[in-house]
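Colleague: Sequence:
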Amino acid sequence: MGFEMALKRRKKLTLIDKANVLESSRLWRETVQAMEKDYPDVSVEYELVDAAAMRLIQWPKAYDVMITENMFGDIITDEASVIAGSMGLMPSASLGEHTSLFEPIHGSYPQAKGKNIANPLAT
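Per the numbering used here, the sequence shown starts with residue 204, numbered consecutively.
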């Protein structure tokens with residue numbers, strides 16, 4: 204799905220992982236590398252999560268489509284929401300081939316009630 208999204212955007216895909224330490228991240232890399240040949244128009248970069256977290260703060264426009272596993276994605280999306288201005292106003296999407304789930308990135312956030320800092324529609 205990441206490759207398909209990249210084709211519709213700036214044709215750039217970044218895999219965020221920790222392949223220098225985690226076997227599961229090495230599997231992610233192998234999988235993306237195997238798929239890469241089927242998408243010659245998409246530029247693919249591989250970046251360690253700690254470097255990506257730093258680079259996202261310094262050069263957020265350097266990224267287009269980012270793919271990663273849940274734990275790293277949770278951290279990176281929270282960081283990106285701060286760059287955008289507020290975690291309370293960001294949408295979240297868990298995309299599947301046939302079914303997707305959309306929600307505010309902050310989840311349940313009763314502390315925001317009446318403060319005009321959260322977006323219950325995630326738009």
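If you are wondering where the hints come from, they were derived from the structure by calculation, not from laboratory data. Do not take every clue at face value.
Below are the BS3-like pairs computed for lysine-lysine, each with C-alpha atoms no more than 30 Å apart in a straight line [what the hints assert, rightly or not]:
| no. | residue 1 | residue 2 |
| --- | --- | --- |
| 1 | Lys240 | Lys264 |
| 2 | Lys240 | Lys318 |
| 3 | Lys221 | Lys211 |
| 4 | Lys215 | Lys240 |
| 5 | Lys221 | Lys264 |
| 6 | Lys316 | Lys240 |
| 7 | Lys240 | Lys211 |
| 8 | Lys214 | Lys264 |
| 9 | Lys214 | Lys240 |
| 10 | Lys240 | Lys221 |
Distance windows between CB atoms, simulated [unchecked claim]:
| no. | residue 1 | residue 2 | range |
| --- | --- | --- | --- |
| 11 | Pro313 | Arg229 | 35 to 45 Å |
| 12 | Ala287 | Lys214 | 19 to 29 Å |
| 13 | Ala265 | Gly317 | 21 to 31 Å |
| 14 | Ser311 | Lys240 | 35 to 45 Å |
| 15 | Gly317 | Gly288 | 29 to 39 Å |
| 16 | Ser246 | Ala287 | 37 to 47 Å |
| 17 | Lys215 | Gly317 | 19 to 29 Å |
| 18 | Glu226 | Asn319 | 38 to 48 Å |
| 19 | Thr280 | Thr234 | 18 to 28 Å |
| 20 | Arg213 | Asn319 | 45 to 55 Å |
| 21 | Asp241 | Gly317 | 23 to 33 Å |
| 22 | Gln236 | Met208 | 33 to 43 Å |
| 23 | Met274 | Phe305 | 13 to 23 Å |
| 24 | Met257 | Glu233 | 31 to 41 Å |
Yeah, the Cβ is synthetic: ideal placement off N, Cα and C, and Gly gets one too.
Colleague: With reference to the structure, classify each hint as holding or not holding.
Modeller: Hints versus structure:
Straight-line distance between C-alpha atoms of Lys240 and Lys264 comes to about 25 Å, which keeps the hinted pair within the 30 Å bound. Restraint check: the Cα-Cα separation between Lys240 and Lys318 comes to about 49 Å, which exceeds 30 Å; the hinted pair is violated. Between the alpha carbons of Lys221 and Lys211 the distance comes to roughly 27 Å, so the proposed pair stays at or under 30 Å and holds. About 14 Å separates the Cα atoms of Lys215 and Lys240, which keeps this hinted pair within 30 Å; it holds.
Taking the CA atoms of Lys221 and Lys264, the gap is about 22 Å. The hint holds against a cut of 30 Å. The hinted pair formed by Lys316 and Lys240 fails the criterion: a straight-line CA distance of about 48 Å is larger than 30 Å. With a C-alpha separation of about 17 Å, the suggested pairing of Lys240 with Lys211 holds against the 30 Å cut-off. Between Lys214 and Lys264, the direct Cα distance comes to roughly 13 Å. Compliance with the 30 Å bound is thereby established for this hinted pair.
Of the pairs offered as hints, the one joining Lys214 and Lys240 holds, with about 14 Å between alpha carbons and a cut-off of 30 Å not exceeded. For the given pair, Lys240 sits about 22 Å from Lys221 by alpha-carbon distance, which is consistent with the 30 Å threshold. One distance hint, 35 to 45 Å for the beta-carbon pair Pro313 and Arg229, holds here, with the actual separation near 41 Å. A beta carbon spacing of about 23 Å between Ala287 and Lys214 agrees with the range 19 to 29 Å that was offered as a hint.
For Ala265 and Gly317, the hinted distance range of 21 to 31 Å is not satisfied, since their beta carbons lie about 38 Å from each other. Evaluation of the 35 to 45 Å hint for Ser311 and Lys240 yields a pass: the beta carbon distance comes to about 43 Å. In this structure the supplied range 29 to 39 Å is violated for Gly317 paired with Gly288, their Cβ-Cβ distance being about 20 Å. Separated by about 24 Å at the C-beta atoms, Ser246 and Ala287 break the suggested range of 37 to 47 Å.
A hinted range of 19 to 29 Å for the beta carbons of Lys215 and Gly317 is inconsistent with their spacing of about 41 Å. For the pair Glu226 and Asn319, the supplied restraint of 38 to 48 Å holds, since their beta-carbon distance comes to about 45 Å. For the hinted restraint 18 to 28 Å between Thr280 and Thr234, the CB-CB distance of approximately 21 Å keeps it satisfied. Separated by about 33 Å at the C-beta atoms, Arg213 and Asn319 break the suggested range of 45 to 55 Å.
In this structure, Asp241 and Gly317 break the distance hint of 23 to 33 Å, their C-beta atoms being roughly 50 Å apart. Distance hint for Gln236 and Met208: a CB-CB separation of about 18 Å, inconsistent with the stated range 33 to 43 Å. With their beta carbons about 21 Å apart, Met274 and Phe305 fall inside the hinted range of 13 to 23 Å. Hint check: Met257 to Glu233, Cβ distance near 25 Å, so the stated range 31 to 41 Å is violated.
Hint violations for this structure: numbers 2, 6, 13, 15, 16, 17, 20, 21, 22, 24, all remaining hints satisfied.
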